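A.B. asks: Here is what each chain is made of, one letter per residue.
Number of protein chains: 2
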Amino acid sequence: MNEQQALTPLAAGGLLDRRAFLQRSLSFSVATLVSSEALATPENGREPWMEKPGAPFSNYGEPAAHERHVIRWTMGNDKALGNGVSWTPLQNLEGIFTPNGLHFERHHNGVPQIDPKQHKLLIHGLVNNSLVFTLEDLLRYPMHSCYCFLECGGNSNAAWHSEPIQTAVGYFHGMASCSEWTGIPLKLLLDEAQVKGRAKWLIVEGADASMMQVSIPLDKALDDCLLALYQNGERIRPENGYPMRLIVPGWEGVLNVKWVRRIHLAAQPVMARNETAKYTELLPSGKARQFTYVMEVKSLITQPSFGYKLPQPGIYQITGLAWSGRGKIAKVEVSADGGKTWLEAELQEPVLSKCFTRFRIPWQWQGQEAILQSRATDETGARQPAREHLLAARGQHGYFHYNAIVSWEISAQGEIKHVYA
Amino acid sequence: MNEQQALTPLAAGGLLDRRAFLQRSLSFSVATLVSSEALATPENGREPWMEKPGAPFSNYGEPAAHERHVIRWTMGNDKALGNGVSWTPLQNLEGIFTPNGLHFERHHNGVPQIDPKQHKLLIHGLVNNSLVFTLEDLLRYPMHSCYCFLECGGNSNAAWHSEPIQTAVGYFHGMASCSEWTGIPLKLLLDEAQVKGRAKWLIVEGADASMMQVSIPLDKALDDCLLALYQNGERIRPENGYPMRLIVPGWEGVLNVKWVRRIHLAAQPVMARNETAKYTELLPSGKARQFTYVMEVKSLITQPSFGYKLPQPGIYQITGLAWSGRGKIAKVEVSADGGKTWLEAELQEPVLSKCFTRFRIPWQWQGQEAILQSRATDETGARQPAREHLLAARGQHGYFHYNAIVSWEISAQGEIKHVYA
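Respectively, the protein sequence lines represent chains A and B.
What the first sequence shows, in numbering that gives the first Met the number 0, is residues 0 to 420, in sequence order.
What the second sequence shows, in numbering that gives the first Met the number 0, is residues 0 to 420, in sequence order.
Hints in this document: simulated from the structure, not taken from any laboratory.
Treat the hints with caution; some may be incorrect.
[What the hints assert, rightly or not] Pairs of lysine-lysine, DSS-like flavour, derived with a Cα cap of 25 Å:
| # | chain 1 | residue 1 | chain 2 | residue 2 |
| --- | --- | --- | --- | --- |
| 1 | A | Lys-186 | A | Lys-327 |
| 2 | B | Lys-277 | B | Lys-308 |
| 3 | B | Lys-199 | A | Lys-51 |
| 4 | A | Lys-51 | B | Lys-116 |
| 5 | A | Lys-119 | B | Lys-51 |
[To be verified] Which residues of chain B face chain A? A partial, calculated answer using Cβ under 10 Å:
| # | residue |
| --- | --- |
| 6 | Leu-101 |
| 7 | Val-131 |
| 8 | Pro-141 |
| 9 | Trp-341 |
Fair warning: this is a prediction, and the values are worked out from it, not measured in the lab.
All C-beta atoms in this analysis are idealised placements derived from N, C-alpha and C, irrespective of residue type, glycine included.
Extracted from the complex, chain A is given alone in its bound form:
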């Protein structure tokens, strides 16, 4: 493949073969060509930080001062302090993992400050052995790690509005993050408690002041749920459920109960506020969806995206994230012409089940107006819907489980807007 071939778009709007960069070097016309070597010698070109010893070491490192804008935006509820959201700034991140300090939060009553020596987990109800576990007990159990995304069932809900919201991708779709979670397979603890045959549900309760309760089918708990103690290597942080939380891979964030203190085995769900008044959806038919657990296949372009401006025509990388609560991502297609033509993006290896998958594709922008979109398909064959199809199926008044295609419009000046296309 020569440079000319590499630069031949394979879809309209300038999308290039995802392997173009690997097969043939391209001139990006981005770097500055320098003619003199003088710049390069240690004697010249020395920056001020090379002239003196650097800062002292630290026991626990922090991001660079120049990156202090990379934070979670927080949104609180004036009428209910402690209720709100901390959004993951997806537009600033690369790869698939979310640093612990930037993992999204959906707060119900603030962040409890739990003494791990006093915290206990109770498993009771329809079991032969009611068991109480201290943290010290649990640390002796066999651990298991899984790589999985968490997404709030209400993520992206601004996209149900009739007008497209103009905000950074992270403050719109950033109630989704991804970690390596390590803990004890819930099955081990339930087997030790000896669950009775009549039990079909777990009613799980958190130890914060909102005392969140949710109902989880026993089959799911035995399949792949985890009582997590570690996130991305270290112990879970307070905002993520210290000292322990439930991980329910691929299902709504609200089920992943933080600060978990009690698992009650029952024949019926508890019908708590978060499974009746909230997290249910009225459909056009007049019926309501309830227990809509699985987070369906979804993707979005994180760069370029709202808030950035393309400085000049040239080659850019389009990148974003895809995920599905039903398994692995099979493919992500990208369009630069509002969905008329599509080209398959490269997926970051290894592609893991119920985990963020990073996609990337090169794009040659020649200064034209463009609409960038991504569309993911998972291994079950489920494909991310167009917005009009989602609205037709679910009505105009949705709030939860928005997973339609996201569109970024590029102007001839390189400015980027969120549009419905």
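Using the hints provided, position chain B relative to the given structure of chain A.
C.D. replies: Frame of chain A; chain B shown alone:
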């Protein structure tokens, strides 16, 4: 498999089948059996943090106050301020990734505070195009992520001492950490510079006050090296090379130049201090090893380990980390009797090349004296050596590339010591 079968050791000293826990529930006799449900109701058993709203949200989260002991220990050199080590506390971590705040550091002259707008990368020497890249330029290039460990060539060097050091595993073997690194394949940048045929080496220089220089063979640079901008999702932190560092998968840490500012293509290595006076090793034959780049296959048990005490006889999980600079880990065997018998541990999936691999195996301790060891084999068939074999090959006065088996002695009281066995 019934409980009795599950508890039948498959190797001496009480090592159990690594699948025992998954196939059959075991009574750990760790949890407390409770007879009354009263404890469990929300009206009783309410902890103080359930009685009031929790703490406010934060823009960038921090570890729990109760986990403040989980830090990098730092060791400085009184005679050369800015020279030292920050150790990763491996004994406190689980899974395979190291949080950015706890990634190890080998400091040469402190931590430079670099303004990313002023920092530039120069590629010059035996190239047709001498190129200068700003950070803004680089952010437009195609990115790639790799999961890889970094290990200092001098990690574990206390094990060359004639007496076994008594310290936590992280303050002994903790110049090793693992991350998701994201950046630009070095091949792309070198291809754009058009490397001349005579060039065989990269001489890479960092922008700190020590102005570290190292030599890296061109073949390795074209194979899998990365100019990394992101670590575990976010931009690299100052201590790890902000705004950019080299990643040289599987090779000595010192080659992964932080704050990289200059890559000089040359026909010969530079023969800098760190490849002549340091990072070379006198062998029993009188010859010295030089350019010993690859970090060989290695493993160690992180729990239980020095500093912990087994509270009572019972079932424990033995867990640790294995890695190899030559590729994937093929297997890790564990011994509870000082190496007389071995049993294969479970490896955390997916097993990735040149990346930490977590291993785990259940162990029933009946109060006997025991010596715990792990022994890794990589996909090339290379196996971690016994200490006596390493010393026979490399002499008594080694300092670099220690990768022998690590032994923890358990006393009848459950106390744990480091021994040479």
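A.B. asks: Hint by hint, note whether the structure agrees.
C.D. replies: Taking the hints in turn, this is what the structure says about them:
Among the hinted pairs, Lys-186(A) with Lys-327(A) is consistent with the structure: their alpha-carbon atoms are about 23 Å apart, no more than 25 Å. For the proposed pair Lys-277(B) and Lys-308(B), the alpha carbon gap of about 38 Å is over 25 Å, so the pair is violated. Of the supplied pair hints, the one linking Lys-199(B) and Lys-51(A) is violated, its CA atoms being roughly 33 Å apart against a limit of 25 Å. For the given pair, Lys-51(A) sits about 19 Å from Lys-116(B) by alpha-carbon distance, which is consistent with the 25 Å threshold.
A threshold of 25 Å between alpha carbons decides the hint, and for Lys-119(A) with Lys-51(B) the separation of about 19 Å falls inside it, so the pair holds. Given the 10 Å rule on beta carbons, the hint for Leu-101(B) holds: about 7 Å separates it from the nearest Cβ of chain A. For Val-131(B), the interface hint holds, the least distance from its beta-carbon to any beta-carbon of chain A being 5 Å, beneath 10 Å. Against a cut-off of 10 Å between C-beta atoms, the interface hint on Pro-141(B) holds, since the closest Cβ of chain A lies about 5 Å away.
For Trp-341(B), the interface hint is violated, the least distance from its beta-carbon to any beta-carbon of chain A being 19 Å, above 10 Å.
Hints 2, 3, 9 from the list above are not met by this structure, while the remaining hints are.
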